Each structure stands twice: as structure tokens, then as C-alpha cells.
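Q: Here's the letter readout for the chains.
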Amino acid sequence: QVQLQQWGAGLLRPSETLSLTCAVYGGSFSGHYWNWIRQSPGKGLEWIGEINSSGMTRYNPSLTSRVTISVYTSKNQFSLNLTSVTAADTAVYYCARANFEYSSSSDYWGQGTLVTVSS
Amino acid sequence: QSALTQPRSVSGSPGQSVTISCTGTSSDVGGYKYVSWYQQHPGKAPKLMIYDVSQRPSGVPDRFSGSKSGNTASLTISGLQADDEADYYCSSYAGSYSWVFGGGTELTVL
Chain A
10 QVQLQQWGAG LLRPSETLSL TCAVYGGSFS GHYWNWIRQS PGKGLEWIGE
60 INSSGMTRYN PSLTSRVTIS VYTSKNQFSL NLTSVTAADT AVYYCARANF
110 EYSSSSDYWG QGTLVTVSS
Chain B
960 QSALTQPRSV SGSPGQSVTI SCTGTSSDVG GYKYVSWYQQ HPGKAPKLMI
1010 YDVSQRPSGV PDRFSGSKSG NTASLTISGL QADDEADYYC SSYAGSYSWV
1060 FGGGTELTVL
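Protein chains in written order, with the working numbering: chain A, 10 to 128; chain B, 960 to 1069.
Careful, some of the hints might be misleading.
[Unchecked claim] Simulated crosslink set (DSSO-like; lysine-lysine; CA at most 30 Å straight-line):
hint, chain 1, residue 1, chain 2, residue 2
1, B, K1027, B, K1006
2, B, K1003, A, K52
3, B, K1003, A, K84
4, B, K992, A, K52
5, B, K992, B, K1006
6, B, K1006, A, K84
[To be verified] Here are some chain A residues the structure puts well away from chain B; computed CB gaps all over 12 Å:
hint, residue
7, V80
8, S93
9, G119
These aren't lab readings, by the way, just hints derived from the structure by calculation. Every value quoted in this text rests on a predicted model; they were computed, and no experiment measured them. Where is the CB? At the ideal position from N, CA and C, for every residue including glycine.
So that you can see chain A by itself, here it is in the shape it has in the complex (with noise of 0.2 Å):
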């Protein structure tokens, strides 16, 4: 059974920078891409960005300039860091797992971490 496991700061001023980790259980890390994806309060899911254990990366083109996401293979483990934060990046993020099987549609989740950026 593959979990995923996610964790990180809720709270944030306005310019620092969101910094989550997601780990995997179960399952091989190898072969999948690993998403981001966030949820605004009381709005819809917006896609930030994969990468894979190769440390090959996509990003959403509207928030490229502010994301990295890196992978520890070692580790199973896949992080997000989203730099200058302002209040409309305050969401629940997800990490979740791209499967190849299901043409990249994410089947696992990971339980979410709300992180809300307030002064």
C-alpha cells in the first residue's frame, strides 16, 4: 500500500519561503513522476509542478520563477520550496503521485498541509 507522508511550516510572513516535504511508503519511488498540487480555501486545485528520481522537473509556468521542487532518492523523499510568498499563496498543499499507469493522473495523496501567509 503506498502512503504518502507531507510535512512543513503553516505559518508565514509575506516574502519568506513555503519549504514542504513529502515522503513515499510503499510502492517504487523510481517509477513515477511526484506532484504538487495546492487548493486554495474555498477554491479549486491548481497544479504546481512534478519531478521524477532523476530530479527531472515540470513546472506550472505561472509560478516557474518561484518553485523548486528537488527529490531525495535515497530518502524517498520530494520537496517544495516556493519563494516570496504572499497571501495568495496561502492554500492546502498536496504532494501526490503522478502514475504512468493512469497517463500521469494522481492516485495517491498525501493528507495535506495547510499553509496560510499572514503578517
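For this one, chain A is given, so just place chain B on it according to the hints.
A: Same frame as chain A, now just chain B:
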């Protein structure tokens, strides 16, 4: 890259069928077969219900079906059950290795 357009809410009675639409452009929904649908209950992470427009992952009931015509994809839920009450999101490949989601539809089972 704009969000896909979904109705804010739909409703139906137990046993009935409902359809949720997801409208994009020829650069996303209309251009690829990679449309997915997710179900999200309050306070929970989304759950994959449909991928590749009409395919169901293992474990998803066949009451859930998907289709696409032009730039609009649709999710149909037949034989509505109380537990189907949730938010539903569509997603599409948008080219250049990027993905876009819809704004979500709240399904109420009357």
C-alpha cells in the same frame, strides 16, 4: 493557462443520474485524451475517479463514467448515492508537460 470551466453546483436525488461538464480549449481538453476526474469529500484529499477521459481506476464503481466532445468533457454519475455528495474536479493535460484543473463542482444529493 486558464482553469477549466465547471458548473459551481449540481444536484440530484438518490438513484438518479447527474452529469458534470468541464469546458476547456483546443489547447487542453480538446487537444488531448488526458482528462481526469477527481472526487473530494470535505477535509479529505482528492480521489482519482476517471482518467484518459473514460477509464476507471481499479476499485471505482462503474456508476462513474466519462466522455468528451470537442473542448468539453463530462462526468456522469448514475444511481446516485448519499456518499457521492462531494466536490468534483476535472483535470486536463495542457501541453508542454503541464496540467490544468477545473474550478470544481459541488454535488448535492437531495
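Q: Does each hint fit the structure? Answer for all of them.
A: Comparing the hints with the structure gives:
Straight-line distance between C-alpha atoms of B:K1027 and B:K1006 comes to about 20 Å, which keeps the hinted pair within the 30 Å bound. At roughly 14 Å between alpha-carbon atoms, B:K1003 and A:K52 fall within 30 Å of each other, so this suggested pair holds. Of the pairs offered as hints, the one joining B:K1003 and A:K84 holds, with about 26 Å between alpha carbons and a cut-off of 30 Å not exceeded. A C-alpha spacing of about 25 Å is found between B:K992 and A:K52, which places the hinted pair at or below 30 Å, so the restraint holds.
Between B:K992 and B:K1006 the CA atoms are separated by roughly 19 Å; this keeps the pair inside 30 Å, and the hint holds. Of the supplied pair hints, the one linking B:K1006 and A:K84 holds, its CA atoms being roughly 26 Å apart against a limit of 30 Å. In this structure A:V80 is separated from chain B by more than 12 Å, as the shortest Cβ-Cβ distance comes to about 16 Å. Every Cβ of chain B is farther than 12 Å from the Cβ of A:S93; the closest lies at roughly 20 Å, confirming the non-interface assignment.
Here A:G119 does not stay apart from chain B, with its beta-carbon only about 7 Å from theirs, under the 12 Å limit.
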